[in-house]
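Given only the sequences and the hints, what does the whole structure look like? Please build it.
Which chain is which? The protein sequence lines are A and B, in order.
Under this note's numbering, the first sequence has 657 at position 64, and the numbering climbs by one with no breaks.
Under this note's numbering, the second sequence has 72 at position 55, and the numbering climbs by one with no breaks.
The set of hints was computed from the structure by calculation and includes no laboratory data.
Glycine included, C-beta positions come from ideal geometry on N, C-alpha and C.
Treat the hints loosely; a few may be bogus.
Simulated coverage check for chain A against chain B, where a stretch passes if three residues somewhere in it have a Cβ under 8 angstroms from a Cβ of chain B [said to hold, decoys possible]:
{"#": "1", "region": "620–634"}
{"#": "2", "region": "638–644"}
Some residues of chain B that are not near chain A, with every Cβ distance over 10 angstroms (derived) [said to hold, decoys possible]:
{"#": "3", "residue": "Ala53"}
{"#": "4", "residue": "Val57"}
{"#": "5", "residue": "Arg83"}
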Amino acid sequence: MSTTSTQRYTEAAIEADTTVPAVHIWRDFAATPAQLMRAHTDPDLFARWIGPDALGTRIDHWDCRTLGSYRYVNTEGDQEYSFRGTFPEVSENRIVQTFCYEAMPEAVALETLTITDLGEGRSRLHGLSLCDSFEARDGMLASGMEVGIHEGYAKLDRLLAAGEV
Amino acid sequence: MSDPLSRVFAALADPTRRDMVARLAVADATVGELAAPYDVSVQAVSKHLKVLEGAGLVSRTREAQRRPVHLEAEVLDLMTKWIERYRRQAEERYQRLDAVLAQMTAHEQGHRTDTHPEEGTAS
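Laid out in structure tokens, this is it:
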């Protein structure tokens with residue numbers, strides 16, 4: 594991966610894993626690891642940022658601890674998009690969860706969120722979304738990333754580095 | 018599979034074809050040059066090239082007898098845009114998270130005197 598100790602992710606950076614059907618996301622936050630963790634585990638806080646801007650989020654069920662589960666619904670008028678999954682592990686700085694869009698129950702992703710302390714009240718979030726097949730990743734975006742073309746990503750990196758996106 | 022993006026993804030689902038594209042990104046090459054590192058026939062490489070050509074990823078130029086294969090880099094931009102759309106969605110989500118975290122910090126500082134700080138509790 595292209596992570597270096599000096600790199601700062603002031604904006605979300607994404608990268609395809611070249612060996613497994615997975616997507617990596619990095620993002621830095623002006624918050625302590627405990628705060629960032631709370632924003633992910635507390636349902637009221639979570640609902641305030643998870644859904645798209647235009648959609649509302651309703652938490653149907655929320656038990657964010659090891660062996661817990663969740664279900665939430667994004668609403669847009671009378672349209673509803675539901676997501677559900679379980680939490681195989683929730684620790685001090687890591688959340689492992691399964692993720693399923695209910696309209697496509699056959700595709701279940703395994704997501705691992707890891708929070709690291711950058712010091713001075715800053716934290717880094719690393720998300721790894723592992724799909725059960727390259728085809729499934731095709732369905733959600735990741736197909737675009739499956740193609741591991743270094744030149745494509747290098748171009749993206751340059752655009753990102755130049756602040757053009 | 019009529020849309021260009023699907024054709025590009027399908028063409029690049031094969032590791033040999035991905036490798037060929039990676040090499041063409043460095044420089045144009047003839048079919049013979051492309052076939053050299055593989056333990057397959059020139060015909061097999063030609064088949065792979067036809068798929069890449071069908072997806073618009075490569076073109077054959079008429080440069081005397083050499084007819085090198087050329088990578089159409091702008092097709093890769095399609096994929097870059099596709100990835101960028103996902104990245105932007107993630108970034109929008111994290112900007113909302115930024116706002117929530119900022120409010121949490123303000124709230125904690127405002128209440129530090131009358132409630133105990135909840136550092137380390139995750140619920």
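In rising order, the numbers of the hints this structure does not comply with: none
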